[in-house]
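Model the placement of chains B, C and D on the given structure of chain A, informed by the hints.
So you can see what is in the structure, the chains are spelled out below.
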Amino acid sequence: MKVNVLFFGATADLVGSRAFETSLPETSVAADVISLLRAKYPNLRDRKLLVAVNEQYVGENTRLSNGDQLAVFTPVSGG
Amino acid sequence: MKVNVLFFGATADLVGSRAFETSLPETSVAADVISLLRAKYPNLRDRKLLVAVNEQYVGENTRLSNGDQLAVFTPVSGG
Amino acid sequence: MDFFELTTDPIDITSVSRRVVPLECGATVTLDGYVRKFTKDRETLHLVYEAYEPMALKEGQKLIEQAKKDFEISHVAIVHRLGKLEIGETSIVISVAAPHRKAAFAACEWLIRELKRTVPIWKKEVFADGEVWVEGDAADIKTA
Amino acid sequence: MDFFELTTDPIDITSVSRRVVPLECGATVTLDGYVRKFTKDRETLHLVYEAYEPMALKEGQKLIEQAKKDFEISHVAIVHRLGKLEIGETSIVISVAAPHRKAAFAACEWLIRELKRTVPIWKKEVFADGEVWVEGDAADIKTA
Chain A
-13 MKVNVLFFGA
-3 TADLVGSRAF
7 ETSLPETSVA
17 ADVISLLRAK
27 YPNLRDRKLL
37 VAVNEQYVGE
47 NTRLSNGDQL
57 AVFTPVSGG
Chain B
-13 MKVNVLFFGA
-3 TADLVGSRAF
7 ETSLPETSVA
17 ADVISLLRAK
27 YPNLRDRKLL
37 VAVNEQYVGE
47 NTRLSNGDQL
57 AVFTPVSGG
Chain C
97 MDFFELTTDP
107 IDITSVSRRV
117 VPLECGATVT
127 LDGYVRKFTK
137 DRETLHLVYE
147 AYEPMALKEG
157 QKLIEQAKKD
167 FEISHVAIVH
177 RLGKLEIGET
187 SIVISVAAPH
197 RKAAFAACEW
207 LIRELKRTVP
217 IWKKEVFADG
227 EVWVEGDAAD
237 IKTA
Chain D
97 MDFFELTTDP
107 IDITSVSRRV
117 VPLECGATVT
127 LDGYVRKFTK
137 DRETLHLVYE
147 AYEPMALKEG
157 QKLIEQAKKD
167 FEISHVAIVH
177 RLGKLEIGET
187 SIVISVAAPH
197 RKAAFAACEW
207 LIRELKRTVP
217 IWKKEVFADG
227 EVWVEGDAAD
237 IKTA
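Chains A, B, C and D, in that order, are what the protein sequence lines are.
Just so you know, my numbering puts -9 at position 5 of the first sequence, and the rest follows in order with no gaps.
Just so you know, my numbering puts 65 at position 79 of the second sequence, and the rest follows in order with no gaps.
Just so you know, my numbering puts 210 at position 114 of the third sequence, and the rest follows in order with no gaps.
Just so you know, my numbering puts 232 at position 136 of the fourth sequence, and the rest follows in order with no gaps.
One chain only, chain A, in its complex shape (with noise of 0.2 Å):
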């Protein structure tokens, strides 16, 4: 399946680009984009970074389906 990966803020800046697109195993869950990105980008191997699918925060365990659109970034800081 393919999924988009969205970058803001910090996150973009680390990694170089504001979004990203990957094929993934069908049993793929969050975590492990996390771990491709951290694996293709040093830059964010020591941040802490969260994940949102189509618009939602979910969890590593989560599971990811073809066509999701997901967002990782680094704790906001708005207001």
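Since the hints were made in silico from the structure, they are not lab data.
Mixed in with the good hints there might be a few duds.
With a cut-off of at most 25 Å between alpha-carbon atoms, the simulated DSS-like pairs for lysine-lysine come out as follows [said to hold, decoys possible]:
id: 1; chain 1: D; residue 1: Lys154; chain 2: A; residue 2: Lys34
id: 2; chain 1: C; residue 1: Lys133; chain 2: D; residue 2: Lys164
id: 3; chain 1: C; residue 1: Lys136; chain 2: D; residue 2: Lys136
id: 4; chain 1: D; residue 1: Lys165; chain 2: D; residue 2: Lys198
id: 5; chain 1: D; residue 1: Lys220; chain 2: D; residue 2: Lys154
id: 6; chain 1: C; residue 1: Lys133; chain 2: D; residue 2: Lys198
Just chains B, C and D, lined up with the frame of chain A:
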């Protein structure tokens, strides 16, 4: 000595006037004015009353001086 | 910079909360009190506020000075309206500016509570079926 | 009636705090956050806010719904600014209207604390000598 007493809000309505001038013995304290007012205006008898002398809250035993400006009023309710 | 004012004119909230914005501040907490139409089922027609003005100004300044001692805040702005107020009109604005929001919240809450206890202003509620001067809770007023 | 909005335009505080005033209400508490020039001795030049907009709107609505369940309040209005903000410009306004002020204070304080933890918006501080994306405290975010 003479003192002037001001009334506001509920107190002015209960008394039917906004000021009252009176002569007092030289050693009078704030409580004496309260007693005098309660005697003169029965409407005040069961009301909690605060006293200010020259725009400062005072206790019942505060000595008065000639020319003092008093205010006697029910608990405030601004805001 | 701080101010405590009485006015018979309508109060513009922003003109109070943003008249002074110190450069070390990042948050302002504003309490905006206004005339409530319904208290449970009882309908208010309007309110009337009356003050012992010179003493109210002194007591207001004292509150501001005390708040600035007790909380880590930079600036306090208070405007209280007097006279007749229609439904929805603002009777009081208290704005507290601080480097950080927690002190601003705490000081603003303290200021409105103390103001209702110590500043010589009285409120008359006018209902369809009568009117009443509201009596506050004056416990423990500090006296000279 | 309640609203959570994102905007790149300057925010007028009164237009947020007084856009809706329910008739059973008597108090509105407003938090107004803005760009602080000095944090201790360090000088900020400006801020940049960026959001994951569709998710921020959803998270903002969730906060409002939760606040209305947990506090005796009538109306919540939140506007957050995005983009580049100069010193003194307002980044956020949170207004809570309630019949009585205590619930409004409590809800407003809860809303800003939760917003800073859960709503996907990020702040970049630009100083004279560099810039940094501020990292928040994301402990215990509730996940689906």
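Consistency of the hints with the structure:
1. D:Lys154 with A:Lys34: Holds, at about 23 Å.
2. C:Lys133 with D:Lys164: Cα-Cα ~21 Å, so holds.
3. C:Lys136 with D:Lys136: violated, 48 Å
4. D:Lys165 with D:Lys198: At roughly 15 Å apart (the allowed maximum being 25 Å), D:Lys198 and D:Lys165 satisfy the hint.
5. D:Lys220 with D:Lys154: holds, 22 Å
6. C:Lys133 with D:Lys198: holds, 19 Å
Against the hints set out earlier in the document, a violation occurs for number 3 only.
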